[in-house]
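Given the sequences, and given the hints that come with them, work out the whole structure.
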Amino acid sequence: MLIEIKKKSQTYQFEANAGEKLLYAGLRAGIPLPFECATGTCGSCKARVTQGEVDEGWSEAPGKERFKVVKREILMCQCSAQSDCSLTVPTKIVAFRDDDINPDHHIGVITQYEKLTEDVLRFNVEIPTSISFHAGQFFVLQAPEVNGFRAYSMVNYSPGTNELEFIIKQNPHGGLSKWIFDSDRTQEKLELFGPLGHATFHPDESHDLFMIAGGSGIAGLMSILEYGRQVNYFKNRKVSLFFGIRTPADFFFAERLRAVKAKFPDTVSINIAFSNAPPTAEQLSGNDGLIYLQGMVHEHALPAVLEGGGNVMHYLAGPAPMVDALIRPLILNSKIPVHRVRYDKFS
Amino acid sequence: MSWKAACPVSDVKQDTLKECTIDGIEILLANVGDGFRAYPPVCPHMEQYLEGSGICANNVMTCDRHLWQWDMKTGEPLGPAEKPLLIYQTKEVNGQIMVFLDEELEYDFDDDDD
Ligand SMILES: Cc1cc2nc3c(=O)[nH]c(=O)nc-3n(C[C@H](O)[C@H](O)[C@H](O)COP(=O)(O)OP(=O)(O)OC[C@H]3O[C@@H](n4cnc5c(N)ncnc54)[C@H](O)[C@@H]3O)c2cc1C
Ligand code: FES
Ligand code: FES
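These protein sequence lines are chains L and R, in that order. When you line the first sequence up against our numbering, it's residues 3 to 349, in that order. When you line the second sequence up against our numbering, it's residues 29 to 142, in that order.
Derived lysine to aspartate or glutamate pairs resembling EDC-like cross-links, with alpha carbons at most 20 Å apart:
{"no.": "1", "chain 1": "L", "residue 1": "Lys10", "chain 2": "R", "residue 2": "Glu134"}
{"no.": "2", "chain 1": "L", "residue 1": "Lys10", "chain 2": "R", "residue 2": "Asp138"}
{"no.": "3", "chain 1": "L", "residue 1": "Lys94", "chain 2": "R", "residue 2": "Glu110"}
{"no.": "4", "chain 1": "L", "residue 1": "Lys9", "chain 2": "R", "residue 2": "Glu110"}
{"no.": "5", "chain 1": "L", "residue 1": "Lys94", "chain 2": "R", "residue 2": "Glu134"}
{"no.": "6", "chain 1": "L", "residue 1": "Lys66", "chain 2": "R", "residue 2": "Glu79"}
{"no.": "7", "chain 1": "L", "residue 1": "Lys73", "chain 2": "R", "residue 2": "Glu54"}
{"no.": "8", "chain 1": "L", "residue 1": "Lys73", "chain 2": "R", "residue 2": "Glu134"}
{"no.": "9", "chain 1": "R", "residue 1": "Lys32", "chain 2": "R", "residue 2": "Glu120"}
{"no.": "10", "chain 1": "L", "residue 1": "Lys94", "chain 2": "L", "residue 2": "Glu75"}
{"no.": "11", "chain 1": "L", "residue 1": "Lys70", "chain 2": "R", "residue 2": "Asp51"}
{"no.": "12", "chain 1": "L", "residue 1": "Lys9", "chain 2": "R", "residue 2": "Asp138"}
{"no.": "13", "chain 1": "L", "residue 1": "Lys70", "chain 2": "R", "residue 2": "Glu79"}
{"no.": "14", "chain 1": "L", "residue 1": "Lys94", "chain 2": "R", "residue 2": "Glu104"}
{"no.": "15", "chain 1": "L", "residue 1": "Lys66", "chain 2": "R", "residue 2": "Glu47"}
{"no.": "16", "chain 1": "R", "residue 1": "Lys101", "chain 2": "R", "residue 2": "Glu120"}
{"no.": "17", "chain 1": "R", "residue 1": "Lys111", "chain 2": "R", "residue 2": "Asp92"}
{"no.": "18", "chain 1": "R", "residue 1": "Lys119", "chain 2": "R", "residue 2": "Glu47"}
{"no.": "19", "chain 1": "L", "residue 1": "Lys94", "chain 2": "R", "residue 2": "Asp136"}
{"no.": "20", "chain 1": "R", "residue 1": "Lys46", "chain 2": "R", "residue 2": "Glu79"}
{"no.": "21", "chain 1": "L", "residue 1": "Lys117", "chain 2": "L", "residue 2": "Glu165"}
{"no.": "22", "chain 1": "L", "residue 1": "Lys8", "chain 2": "R", "residue 2": "Asp136"}
{"no.": "23", "chain 1": "L", "residue 1": "Lys8", "chain 2": "R", "residue 2": "Asp138"}
{"no.": "24", "chain 1": "L", "residue 1": "Lys10", "chain 2": "R", "residue 2": "Asp136"}
{"no.": "25", "chain 1": "R", "residue 1": "Lys101", "chain 2": "R", "residue 2": "Glu134"}
{"no.": "26", "chain 1": "R", "residue 1": "Lys41", "chain 2": "R", "residue 2": "Glu120"}
{"no.": "27", "chain 1": "L", "residue 1": "Lys337", "chain 2": "R", "residue 2": "Asp43"}
{"no.": "28", "chain 1": "L", "residue 1": "Lys73", "chain 2": "R", "residue 2": "Asp136"}
{"no.": "29", "chain 1": "L", "residue 1": "Lys66", "chain 2": "R", "residue 2": "Glu54"}
{"no.": "30", "chain 1": "L", "residue 1": "Lys337", "chain 2": "L", "residue 2": "Asp210"}
{"no.": "31", "chain 1": "L", "residue 1": "Lys10", "chain 2": "R", "residue 2": "Glu110"}
{"no.": "32", "chain 1": "L", "residue 1": "Lys237", "chain 2": "L", "residue 2": "Asp268"}
{"no.": "33", "chain 1": "L", "residue 1": "Lys117", "chain 2": "L", "residue 2": "Asp184"}
{"no.": "34", "chain 1": "L", "residue 1": "Lys337", "chain 2": "L", "residue 2": "Glu301"}
{"no.": "35", "chain 1": "L", "residue 1": "Lys73", "chain 2": "R", "residue 2": "Glu132"}
Label pairs and their calculated CB-CB ranges:
{"no.": "36", "chain 1": "L", "residue 1": "Lys117", "chain 2": "R", "residue 2": "Glu104", "range": "48 to 58 Å"}
{"no.": "37", "chain 1": "R", "residue 1": "Leu106", "chain 2": "L", "residue 2": "Pro205", "range": "23 to 33 Å"}
{"no.": "38", "chain 1": "L", "residue 1": "Asp57", "chain 2": "R", "residue 2": "Glu132", "range": "26 to 36 Å"}
{"no.": "39", "chain 1": "L", "residue 1": "Gln232", "chain 2": "R", "residue 2": "Asp130", "range": "56 to 66 Å"}
{"no.": "40", "chain 1": "R", "residue 1": "Leu106", "chain 2": "L", "residue 2": "His204", "range": "24 to 34 Å"}
Derived from the structure by calculation, the hints contain no laboratory data. All C-beta atoms in this analysis are idealised placements derived from N, C-alpha and C, irrespective of residue type, glycine included.
Set out below in structure tokens:
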């Protein structure tokens, strides 16, 4: 089916397969359609149908709040075409970076499956074609018996790879998290689409990095750390990471974080904040090079943010309430220029 | 085409935003200290409703979605914002904010050639 989006300066056209989400079809064709979550929650991929028939998909998608039925407003990430369609998109269509990688559909197999803590699981997915992605990007995944795609940030970084590493936090009422936690899913097949997302790290930008993660928000930041480690970025550039979790028992990736600190002891600062318990005596001894704190991660991280931002890029990732709670003071009190903040809300 | 009462002056505190609907037209009201401003309800970037996404401080509004910012008095864009906020005329009469509604102001999203 042919989809057409008319702008004054240009008409964009792309083919969408039956059942394929319009957003995915457009992005796959190299058209930089607007999106953020790619999974129905944020509302960024809003469009209006001016001609043609569509299947709206997930009818309760939170991103559709306040949508106007009379204007035939849809979420492109949920909607598929039932005939040729014309759409209007209420924002500019602009590429984020010249080296953005066109996302595509893949079928992957779960090859590794490991519980990191009581409620965090690490799993690897192998895909048949080798791909590249920017550190900080994510894929959307769909499991066999679960409706709809969910977004997960890659933990690993490797240009040209068949292997994608993810972590998932358990959400007892959640569809995908229930499916994957229920039993060992090694060898299960998943549908994937990606890579996606703009909260990315690019060494050529030459910034110091200030990163704040809540819980599974650490995923994409691990990919950034890994890329930085591979290219010796932290030889000359500083990175401060604040990682918020509940208790010492919830701490994962300790080995990997210690390894980055050990390789670049003078430039890397890694701070672990426990919200619900004090650090252990061993942690407080400082022997492993990491700094352990008690309290909410944003309460520790905000005072450490450099006034005015300097040449620093700020990365925020984690549950939407944490990210929202950080953006406000970052911009209003610390006067960080807004183009120095990149974030992913795990909504 | 006329002046319409929006809401009592006391309903719109400084550094807050309040949405109301007059004759089916949604508008967003703000208190800029020495007066009021009325804008269309959505962000000119991607149509997010600013009552939820707008952060106001010192007469600067920031949309927390992609951090576009404006001078709330003039609507002029600041920082990364590429478009101004449109503004309806307002005045105060007997403790009410009045808005001059001629036609609904809407952003033109069709100009991605600049
Ligand atoms: C950019 C981004 C990156 C993320 N990265 C991570 C990560 O690395 N690790 C992690 O643990 N979490 C991550 N998340 C959150 C993750 O995507 C899920 O929201 C979370 O795992 C809960 O999923 P669930 O299936 O358990 O919960 P559910 O409540 O069942 O579903 C959560 C989400 O699934 C989608 N969904 C639900 N029902 C439907 C339906 N009927 N049709 C279509 N879609 C539906 C919606 O997007 C919904 O918000 C990320 C989110 C975003 C936006
Ligand atoms: S991108 Fe479609 S709702 Fe977020
Ligand atoms: S929607 Fe307001 S800045 Fe993007």
